Amino acid sequence: AQKITQTQPGMFVQEKEAVTLDCTYDTSDQSYGLFWYKQPSSGEMIFLIYQGSYDEQNATEGRYSLNFQKARKSANLVISASQLGDSAMYFCAMREFSGSNYQLIWGAGTKLIIKP
Amino acid sequence: DARVTQTPRHKVTEMGQEVTMRCQPILGHNTVFWYRQTMMQGLELLAYFRNRAPLDDSGMPKDRFSAEMPDATLATLKIQPSEPRDSAVYFCASSDRPGRDQETQYFGPGTRLLVL
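Protein chains in written order, with our numbering: chain A, 1 to 116; chain B, 1 to 116.
Just chain A, with the same shape it has in the complex (with noise of 0.2 Å):
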């Protein structure tokens, strides 16, 4: 079973609007930590935003937010005033704490094209 989901393969958005990446996740540890990467065409992977299960509070990172939704286990990815260097692949992943084991969970990414 996939244990992170994105559901958009793909989005277009008009440059300076806000743009919402989805992504839903299945665990049943309840510890958890919730991570959002970048990867634009040229190719690196670029840390972004870290979300952690017992978080009271949305993180944000400048113009990133992450909405976190523990009850429906989504955390969708906030972009605002979208620029045109967001044009990017987005990926989600989910760490879960239990054990020692320290792999990130990845999800099959959303690629986004911001339109000028």
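No wet-lab data here; the hints were simulated from the structure. Heads up, a few of these hints could be off.
Distance windows between CB atoms, simulated [what the hints assert, rightly or not]: (1) 9/A - 102/B: 48 to 56 Å; (2) 84/B - 103/A: 37 to 45 Å; (3) 47/A - 16/B: 32 to 40 Å; (4) 111/A - 62/B: 32 to 40 Å; (5) 16/B - 57/A: 49 to 57 Å.
Listed next, the stretches of chain B that the computed footprint assigns to chain A, with coverage defined by at least 3 CB atoms under 8 Å from CB atoms of chain A [claimed, not checked]: (6) 37-49; (7) 87-94.
Here the structure is a predicted model, which is why all the values come from computation and not from measurement. C-beta atoms are modelled at their ideal positions from N, C-alpha and C, and glycine is treated no differently.
Got chain A; can you put chain B on it based on the hints?
Frame of chain A, contents of chain B only:
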């Protein structure tokens, strides 16, 4: 600005040849991951190390792949003999705060491997 470095950035080789990829983790990071990314399979974890010891290499084809950390500043991934199906982008990542909740993996730029 601390970064993970990888060499070479690009490698074209012929089937049957040995390929060695190198990674220098961020100074002070003691957990190192090797990933492979292809269009078909997405991002796959091949192996990871903590304090230079292999913790999990179950994602790696054992007959031809090997991963080592000769010292804390160098991780290597070798393929011998290489095959066309090994063509992919290979990422190294290192993480801080091992065992802590907000452990974040930081990725290198990747090695693009093409096996002819």
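Using C-beta distances, would you say chain A covers the segment 37-49 of chain B, given that this needs three or more residues below 8 Å? holds (count 4)
Outcome of range test on Cβ distance (residue 47/A, residue 16/B; 32 to 40 Å): The hint (32 to 40 Å, Cβ to Cβ) holds, given that residue 47/A and residue 16/B are roughly 37 Å apart.
Can the segment 87-94 of chain B be counted as covered by chain A under the rule of three residues or more with Cβ-Cβ separation shorter than 8 Å? This one holds; 3 residues, not fewer than the three required, reach chain A with a Cβ under 8 Å.
Distance restraint evaluation - residue 111/A, residue 62/B, Cβ atoms, bounds 32 to 40 Å: Given range 32 to 40 Å: holds, Cβ gap about 34 Å.
How does the Cβ-Cβ distance of residue 16/B and residue 57/A compare with 49 to 57 Å: does it lie in that range? Holds, at about 55 Å.
How does the Cβ-Cβ distance of residue 9/A and residue 102/B compare with 48 to 56 Å: does it lie in that range? violated (29 Å)
Can you tell me whether the CB distance of residue 84/B to residue 103/A sits inside 37 to 45 Å? For residue 103/A against residue 84/B, whose Cβ atoms are near 28 Å apart, the range 37 to 45 Å is violated.
When held up to the earlier numbered hints, the structure conflicts with 1, 2 and fits the remainder.
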